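A.B. asks: Heads up: the sequence lines are chains A and B, in that order. For reference, each letter of the first sequence is one residue, going 1 to 721 in this note's numbering. For reference, each letter of the second sequence is one residue, going 1 to 183 in this note's numbering.
Since the hints were derived computationally from the structure, they do not count as laboratory data. Treat the numbers as computed from the prediction; the structure is a model and nothing was measured. Among these hints, one or two may not hold up.
Unchecked claim - Here are the simulated BS3-like pairs of lysine-lysine, each with C-alpha atoms no more than 25 Å apart in a straight line:
1. B:105 x A:665
2. A:420 x B:152
3. A:620 x A:420
4. A:425 x B:100
5. A:672 x B:152
6. B:129 x A:673
7. A:672 x B:100
8. A:489 x A:549
9. A:489 x A:410
10. A:665 x B:100
11. A:620 x A:425
12. A:549 x A:620
13. A:410 x A:326
14. A:410 x A:549
15. A:673 x B:100
16. A:420 x A:673
Said to hold, decoys possible - If the Cβ cut is set under 7 Å, some of the chain A residues that face chain B in the computed set are:
17. 664
18. 665
19. 680
20. 684
Stated by the list, open to error - Some chain B residues close to chain A (C-beta under 7 Å, calculated; not the full set):
21. 56
22. 73
23. 150
24. 151
25. 153
Idealized CB from N, CA, C, for every residue including glycine.
Chain residues, written in single-letter form:
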Amino acid sequence: MSIDLSQFHQVFFEESFEGLQTMESSLLDIDCENLDSETINCIFRAAHSIKGSSSTFGFTEVAEFTHVLETLLDQVREGSRQLSQDHIELLLQSVDCLNGMLTALQSEQPVDTQQSKQLIEQFNCILNGSEPEAAASESASAKAVEETAQSKEVASEAASSISNGDITTWQITFIPDVNLLRTGNEPLRMFRELAELGELTVTAKLDNLPDLPALNPEECYLGWEMYLDTREDKQKIEEVFEWVVDESELHISVAGGLFDFEEDAGAAESLESAQPSPVVEVETPAEVVVKPEKPAVAAKAAEATLGPKETAKTSESTSIRVSIEKIDSLVNLVGELVITQSMLGQLGTEFDLSKLANLQEGLAQLEHNTRELQESVMRIRMLPISFTFSRFPRMVRDLSRQLGKKIELKLSGEQTELDKTVMEKIGDPLVHLVRNALDHGLETPEDRIAAGKPETGTITLNAFHQSGNIMIEIIDDGRGLNKEKILQKAIQNGVIIEQEQLSDEQVQDLIFQPGFSTAEQVTDVSGRGVGMDVVRRNIQELNGGIEVKSVEGEGSTFTIRLPLTLAILDGQLIQVGDQTYIVPLVSIVESLQPDMNLINHVAGGCDVFRLRDEYIPIIKLWEVFGEEPRSRELSESLLVVVEVGSAKVAIVVDELLGQQQVVIKSMETNYKKVEGISGATILGDGTVSLILDVTDLVQMAGDQQNSKNGLKLVSSKTWAA
Amino acid sequence: MNTAEERTYENADTELAGRENEQTDQYLTFIMAEEEYGVDILRVQEIRGWESVTPIPNAPSHIKGVINLRGTIVPIIDLRQRFGLSKVDYGPLTVVIVLKVNTEKGARVMGIVVDAVSDVYSLSSDDMKSAPDLGDQVNTSYIKGLVNVNSKMVILLDINELLGADTIPDVSLSALKELKESN
């Protein structure tokens, strides 16, 4: 009976990654002197289940590797080996290596076994140091091959023998077309080339040779049988015959092998570890060519080709794990909804005016149920932020060693829940900020002592909810932002002019400008390319914001504000001409009727509005979007002041309609990204309304300002088109 | 059904090259400026009457806007304007054919505005003549082939070519006239 195991691959990967995470966090918790047996057991269990399931699925490399790892852990667990800091380091490296291998397997990429081989060596060294039992596994791979008994196939053994780096004997049969010489090809030259690859033995086949009178000297009657002993792979051999392969009979096979091996780099990779893509092709009698990632699977795949189809590509799908309580509450709510629906249905069949109160009550209940249901469904997408935070202990540990700093990482609010999509997108900016804090923020122990601070620096990651947003704080007690340096850099870059008077806040905000890194030298850790401007932009794309507060000598605090979800948005409905648009409520500062005395027309086609002590560029939405407004006079319109980061613009609208929660639908699903529009939604009456992308609009206003400054002479008319 | 669908998904151009087995495909035809056009019926999701759309700012004129199709945002394309034909006012008979288009970025749902829906024909690939080469000036890649049905020419459109690309090439009226004459 054959079961298609590939359907379980997704689950396998998820479980394995989870296992790796457990291993990593447990490893970081280990205190060598005071070993907690439960922690070791926990790591062992994770490793063991990865090994078990990977061998079930035929991922031999992973199984082989985990086996060695497990052997060491087993000894520690039994108490026959003392765990040292070096061991932990090695185990952490193995976790990384496994992570890489699994990621490669998941995306159906060939696995790079170089690192795992090195690590296996190291493990074997440790294991051989004391244990005679482990010495038996001098060839870890050989043992593991036997261990993963699934790969019994001849082909797999042949294949693994190749990847073990032996010289392979290739049998090459070459019977060229009679016209070979006429096309300018010279067999002798090919033989010379082959001889360069290794030991070559050639036998000519004279079967077709005619009698001398019938012989045409311009035709080729010979065929050749060759044996080539080489370390090179089949591709190299094929290259020699590249020009003639179409018009000749050519067979290349492993001498004595049952299968024709087409090996691309597989052998070479383990020998020279130069080529990154080992692919083994197995030609079965059925002439179906499959390209599995590795030799052991080759056997399985060869077996599979006896079935009707080629190995199908598994599409990568993301999934989410939801706690059973959330599902239960959902089921309850649906139950309530059904009850309300049947109540209303009954009411509808025998309705008269006396029951109006009942109807209203029922409708209120329906609304209540719907809202709760919506919230519950949204909650399914929410995950605790610990999923993102969990990567930092390891990162801080590695970096603090690398940088020679003593750092303590404090995490709080890990249970704060966040939408999965937001979480995925906030990961990289957070990593960047933490790296920055480590590298630039915190001082070296010597500097810290000199400054009268404790030797160990502290980085705190804190997450909490605040008025419908999630806030993430990255706090360090390092040297803080250097105002002078920032100002200098800003003047140097032409971001500000020298005389400009800026508040501390404004100065600190400058670090989010493009091309702004005050790091004197580019280090491995930070200061390379991705600047704070990218961090800010990434966060703004999520409809969030980032701020920094810093006291020189005492440290900095970065605060990220993010919406709880990307699926629903509080929107302000506005009317421009015949169209209704939606402005995200979070970005609206205020809406007002403009006082014409406060509006100035700046040369270049840009109007600015003075809001208290600020000049704000005005965007005429009808102009940008090519609409016909009710009135072109500003005095008859309303201004909606929106803010992104620290930039503000005033959008001219005909009318403010109402506020409501809208479900965001993507325009890109069936169309494409539209400038100035972040998405669409469906209003109560079933019509589509477009949601304004405030960030885009502010950038548009920025372009307009550039034109005002004479940097770019674009009139607002052409810009609008 | 399923296999037929897959075949048409992938082998739009191999159909031009012709197949060994005599299979027929069904085509939905519609009228536009007195010409009859056909699309693979398996790509047709539904046929709707014209309803008002929400225009997309700064979109090309043939993109009329988007509609709400049971919760999905679907762009509507005026095929007349797309082909550079004269504009007509939308009336009660104006029809939107909602199609599933395969693009590089996956399947997309789009609607095309046409004058009226005509008929469904079963056509074999042998009946189909490839579009004549009209020189470099005229892009005919969106034409799957030409077919004579009851001594009337039907232009079979390759939906993926026609609507799949983000940038939509210009197809002028003169090109179509030329096409008709050469046929």
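A.B. asks: Are the hints correct? Go through all of them and say.
C.D. replies: Tested hints:
1. B:105 x A:665: holds, 17 Å
2. A:420 x B:152: violated, 56 Å
3. A:620 x A:420: Not OK: residue 620 of chain A and residue 420 of chain A at ~36 Å, beyond 25 Å, violated.
4. A:425 x B:100: violated, 30 Å
5. A:672 x B:152: Roughly 37 Å separates the two Cα atoms, so the pair is violated.
6. B:129 x A:673: Violated - the C-alpha atoms of residue 673 of chain A and residue 129 of chain B are around 38 Å apart, more than 25 Å.
7. A:672 x B:100: Status holds; Cα separation ~16 Å.
8. A:489 x A:549: Since the Cα atoms of residue 489 of chain A and residue 549 of chain A sit roughly 19 Å apart, the hinted pair holds (cutoff 25 Å).
9. A:489 x A:410: violated, 32 Å
10. A:665 x B:100: Between residue 665 of chain A and residue 100 of chain B the Cα gap is close to 18 Å, so the pair holds against 25 Å.
11. A:620 x A:425: It is violated: about 32 Å lies between the C-alpha atoms, which goes past 25 Å.
12. A:549 x A:620: violated, 34 Å
13. A:410 x A:326: violated, 29 Å
14. A:410 x A:549: Roughly 19 Å separates the two Cα atoms, so the pair holds.
15. A:673 x B:100: Holds, because 19 Å separates the two Cα atoms, which is no more than 25 Å.
16. A:420 x A:673: holds, 22 Å
17. 664: The hint is violated - residue 664 of chain A has no Cβ within 7 Å of chain B, the shortest such distance being about 10 Å.
18. 665: Hint holds; residue 665 of chain A Cβ to chain B Cβ min 5 Å, cut 7 Å.
19. 680: Check passed: Cβ of residue 680 of chain A comes within 5 Å of chain B, closer than 7 Å.
20. 684: violated, 11 Å
21. 56: Residue 56 of chain B check passes; min Cβ-Cβ to chain A is 6 Å, inside 7 Å.
22. 73: holds, 5 Å
23. 150: violated, 36 Å
24. 151: With Cβ-Cβ at 38 Å, over 7 Å, it is violated.
25. 153: violated, 31 Å
Consistency with the previously given hints fails for numbers 2, 3, 4, 5, 6, 9, 11, 12, 13, 17, 20, 23, 24 and 25, ordered from lowest to highest.
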